[in-house]
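Sequences are here, hints too, so could you generate the full structure?
As they're listed, the protein sequences go chains E and Y. Under this note's numbering, the first sequence has 596 at position 610, and the numbering climbs by one with no breaks. Under this note's numbering, the second sequence has 641 at position 655, and the numbering climbs by one with no breaks.
The hints are simulated quantities; they were obtained by calculation from the structure and are not laboratory data. Check the hints yourself; a few may be wrong.
Note that identical chains are pooled: a pair holds if it fits in a single copy or bridges any two copies.
[Said to hold, decoys possible] PhoX-like, lysine-lysine: derived pairs with alpha carbons at most 20 angstroms apart:
| id | residue 1 | residue 2 |
| --- | --- | --- |
| 1 | K385 | K374 |
| 2 | K381 | K572 |
| 3 | K500 | K520 |
| 4 | K335 | K57 |
| 5 | K385 | K572 |
Number of protein chains: 2
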Amino acid sequence: MIDYFKADDWKIIEEGFNPTMNEIAESVFSIGNGMMGQRANLEEAYSGHSLQGTYVGGVYYPDKTRVGWWKNGYPEYFAKVLNSTYWSGLRIWANQEEIDLAKVTVLEFRRELNMHEGLLSRTCRVELKNGLRLRIESKRFYSLISKEYSALKYSITPEQGCDLRWESYVDGDVQNKDSNYEEKFWEPVTEEAAGDNLFVQVRTKKLDWHLVTATHTELYKNQQCLSTVPAVERRSKYASGTYKVSAKAGDRISLVKHAISVSNFHHSTDSLLMHAKKQLQKMAASTFEEHFHLSSNAWKQKWETADVVIEGDVKAQQAVRFNIFHLNQTYCGDDPRLNIGPKGYTGEKYGGSTYWDTEAYCLPFYLVSSDPAISRQLLVYRYKQLDKAIENAQKLGFKDGAALYPMVTMNGEECHNEWEITFEEIHRNGAIAYAIKSYIEHTGDREYLLHGGWEVLLGIARFWSQRVHWSEWGQRYEMHGVTGPNEYENNVNNNWYTNYLARWCMDYTATQYKWLLAEHTEAFKTLIAKTQFKSQELEKWAHISHNLYLPQFQELGIKVQHDGFLEKELIPVADLPESERPLNQKWSWDRILRSPYIKQADVLQGFYFFEDDFSAEEHERNFRFYESYTVHESSLSPCVHSILAAKIGWTEKAYEMYLRTARLDLDNYNNDTEDGLHITSMAGSYLSIVQGFGGLRIKDQKLHLNPHCPSQWKGYEFQILFNNAPVRVVVNPRGTTVLNQGSKAIQVNHPNGVLTLEAGESGKF
Amino acid sequence: MIDYFKADDWKIIEEGFNPTMNEIAESVFSIGNGMMGQRANLEEAYSGHSLQGTYVGGVYYPDKTRVGWWKNGYPEYFAKVLNSTYWSGLRIWANQEEIDLAKVTVLEFRRELNMHEGLLSRTCRVELKNGLRLRIESKRFYSLISKEYSALKYSITPEQGCDLRWESYVDGDVQNKDSNYEEKFWEPVTEEAAGDNLFVQVRTKKLDWHLVTATHTELYKNQQCLSTVPAVERRSKYASGTYKVSAKAGDRISLVKHAISVSNFHHSTDSLLMHAKKQLQKMAASTFEEHFHLSSNAWKQKWETADVVIEGDVKAQQAVRFNIFHLNQTYCGDDPRLNIGPKGYTGEKYGGSTYWDTEAYCLPFYLVSSDPAISRQLLVYRYKQLDKAIENAQKLGFKDGAALYPMVTMNGEECHNEWEITFEEIHRNGAIAYAIKSYIEHTGDREYLLHGGWEVLLGIARFWSQRVHWSEWGQRYEMHGVTGPNEYENNVNNNWYTNYLARWCMDYTATQYKWLLAEHTEAFKTLIAKTQFKSQELEKWAHISHNLYLPQFQELGIKVQHDGFLEKELIPVADLPESERPLNQKWSWDRILRSPYIKQADVLQGFYFFEDDFSAEEHERNFRFYESYTVHESSLSPCVHSILAAKIGWTEKAYEMYLRTARLDLDNYNNDTEDGLHITSMAGSYLSIVQGFGGLRIKDQKLHLNPHCPSQWKGYEFQILFNNAPVRVVVNPRGTTVLNQGSKAIQVNHPNGVLTLEAGESGKF
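See below:
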């Protein structure tokens, strides 16, 4: 854990240059726009430790999988997000000495991420070995408006007169940190360098993804545009233009680099280069400042429905905005083929693929903070991959349209090959169905069922109905050989959460069937024909639903995580020596597996999803029991516990759990921030506040609140989008105020009563 | 399945040359002497498909492991048996055309393995493209007397006069078939070529194993030794001598190659080359025939206590001798650091490491067929690795001298990295303890306990006592998270076999403790001090033994394989469509895991080990139940079922099971004979006859027989070594005759009565 970045309401600030922290800072200061992004690599040469990373959404590399012993059904490849052409690079020589922060003396240094406006900036003052001192300022952003555009403005102000040489380059000869045997995935296609314009086109091996990166460079002296003609250079996967300019002491020499990055994920391969040229020309016609103005306005607009304000705790304030900011940088719903990689555009780890994190953690964030169209794109993503999910299920022996969504995927195909995860951690399928329910509850858009929702639900319900089996000796349905959300258990029988979720999926799909048949008879008939649905399936689901085994233990009044859990050696986490933790570093895998220790919410995930099915006493008993064995060794773990603790009324416990996620990356809790940020778990700290402390629920399109204020805070407020209207909720020890900032009346439910708020009206509980 | 090799009592015969069968034949005709061995590669050049393989015991390569996601406790490397310097290679030109069976016309071809004498021979007649016809004869053997020596005699008889050029070479530039990225493991050290003598010394990367291969070549014309001086050549890892000789039609030109292969596994690195030179000189002083005579006599001697004769079924006769022959080629007990790799010296698959196959399948073969010293070496092997087993257990969190033997090993360190196997298939530990019991029962050498046996038993008992845990809710000891012998279940709780075996280990160790204390008080005190044994451990074991959960189901009268087995969908194998088999090729892993199908004996392995603990009714009920779910998809599976079926009296079933292993490699049942032979499972078909049909048991040094004769045979007999005396048992429908060929009286127990046979006496039941 570190306490390195300066606290600030709206900014992340690094004061002073610390080379040992550079890779961590590169992750933390990453910028992006939901379609592409970049780590905060220093623009000029840097010979110290750095993970150079530039990423564009959608393109990936199907690398060889690594596996001990092959098993039927394993995927053929492991998809890797591609470290891509680096557009923001500069090499700068002042009086023939190259500027490199690892070699010069850094006199002053400040790096800032302005989260309100989406701007990465840096000022620094250095002294070269040749005695020259100069000031560097840089600003960089990815446009939230023009999603193929990013820009850099880099200024140097020497304190003595000097000659400057700038090489502005585009470099496609980059390599993934996680490539095996240092293999490079990109091959050259074409390089052009014409005056101020550079173009580099590269393509991947195997899948033939093409990427064109184009830059237009402008040089200024004290706001005055210079017409220096650069000396251009081209080589394989690389193009550059070198500018020479002389400066007097105090002259401010600025280089602006407009960049376009386009791939054949969005355009035809043939037209790609031409498209890049046109876009570059168009964008270069406006200034850096004009583009930034548009983008920063879009950022401010996002904050209007996504912000959380915390009074009296600037670190908490900074942290929650940091999380909200990065989620919005990673995913904006631009394209239903994109999703949310565990590291977003901030690193390469976990292959940049889609996990169930999207549905279980990220979707609830977007549902309350963003335009419903964004959440719907996340649903459409899975709908578009339904065929692949059906194929995937077929590979595992399922039939008749049963769908099993992959654990890890880039394009709908499974990419993960640990059998206990790939084949058995099937609860992910349920989360995808549950996401449809959540979306409909929040938005009222039940018609989505006609546009993909029903088909996805049906595929999933069919899967569950085949995945359970009738136990003759038990006279009930059981589900064997699964891994629940708690991955510290593998291959168990009758995981309560999975069984409960499976039953719910079948019941919910049956309910939607009846509604569709009644309300959209004609349109639905087409879907029934398309999916070859037979009403006997309903009977089968009902029979399973009534006879599915759900383990529980009356004596303790708890649900049982899975068969055999209670026969373990049940020593609470609190009684484990600190030296044994974290278990995943100290214990061998078999020891973890046979222990009762829980990596992340499992039974409690079911309570989180289906809270209305259980009494307050059941909540408390199950929380008390399972929390005592939970080690929270997943970044996704504490938020669910925080929300449940808040619901039970254990605000201190809720706050303790909230703290474990809030500054995970900022304070480098897990000692891995340098690999990139934990994007998907960022939603957890947001939800801990809004759903946890705030008690926000939206059910049947009704707004429910049940706010508590942690004693550590003076108060907090959050802005959400409800029923297409911005709503502001202010909570402090004196009460809760709700402000309807929309144009229609809304109804607010609170334990103290129900209020109807007209447009613009506020009310207090 | 193929029907390719000719049936014969004592020989394996290939008639006619079939290039598509060459790699299979190379495996089947492999030769070795327990210290080293070789596939039956054609000596002259061969440009067709071939897996050239020459192996020396003890040297291995610690290659990188391949793994999906790393887990604590995984081994650092995967040990690979090394494909080593090829000594038997020749290149031969007749009238300038090279002899290559892929290019010339093969007029006649016969390859033979004489199992009675341990000789690989070949005769063939070919016509070259230049019209020349010639006859080739070759004989090759690995000496069973001089374990560093092997020899080749290769003769050519041209049908027309011709010029012959022979290049006799030693080539250390060989590569493992299973090397990643075609990496070569051997590096050059030195090459010498002096007259008829060639020396090549190579060393491995990483572990610095050195191997010197030396040959002395002699050339004969019609028995007359020629003094042709060869043209020698040396290059990296290679040396050769080329001889020219002219022959008239009918002249028989023979080349004899005496070979010495020595490694620093047995000698110091410094003296290795000198030792090889001395050995070569010594061996070259005698003729090929003289060496072969000694070796073949040793083979005949082995057969005197290991042979099985089957009347009326020449294929069965051939098969069982094939299996006995290969087991004796693979392991002779020469060195307690050697063991029995799954492919012996016939291929590279499975890394040539040691598995529990040794104790569970091979040891019983050696115990009845060989000098007890050979079996004892197998025990000493594990004793020498006890420290590593304790270290291995420590890595997994065990303490106080608990030992967990590895699943797969070369030198005592674990080499396997699937968590469900490495960490959980711990019953292997019990088999190692059980081997000590079997050895003592067969030999009466209970003093072995003082020389390693006790320490191994103690380490294993300590492991079990820590591996179980007390279940508070169950009020009993349980053992969670194990994989039984049936690897079609992973990570189960309370595997009956493992629990039963664990309990037995603790009980047996406690019993031996009392005996040692009483009979060897002084010597044992030293051991108690060395092992820091405390008598409280006995109390703990007893408490566990009395309270360990052993799942059973009264309603069916069966032991339950593990918790949850009976709640499966229990469809018998007989009701599975044939198209779904074998499951491991047709089903995904999760489907196999949650199915009831059993890969190899699990509960029944316990009945095999502990038969006297269970009634005949229990045997029958459990056999009937578990056999109906067993798919026998391991080559190690059918033999235990065969033995149990025979015991129950189901001779037809026993015969059916016996057939599934008997000709596994000869008839290429599994379509993988080209990779090498299934050495460890070869013991299974031997045991099916001797323990199964013959009902042979040796308990407390008493001989028990309970013979049945399969109706397919006229009769059978087997020779064993009992109490240091050869005993012959002849079984046919008229009864059983036992002949005591030793010099002391023996007692024979049979269901019909007990006979005492004086030396040389025979008796009939």
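Comparing the hints with the structure gives:
When the C-alpha separation of K385 and K374 is checked against a cutoff of 20 angstroms, the pair qualifies only within one copy, where the shortest distance is 13 angstroms, while the shortest distance between copies is 49 angstroms. Taking the closest pair of Cα atoms, K381 and K572 come within 20 angstroms of each other only across two copies (10 angstroms); inside a single copy the shortest separation is 36 angstroms, beyond that limit. Taking CA atoms no more than 20 angstroms apart as the test, K500 paired with K520 passes inside one copy only; the shortest distance there is 13 angstroms, against 71 angstroms between copies. For a Cα distance limit of 20 angstroms, the shortest separation of K335 from K57 across copies, 17 angstroms, qualifies, whereas the shortest one inside one copy, 24 angstroms, does not.
With identical chains, the CA atoms of K385 and K572 are at most 20 angstroms apart between copies only, with a shortest distance of 15 angstroms across copies and 42 angstroms within one.
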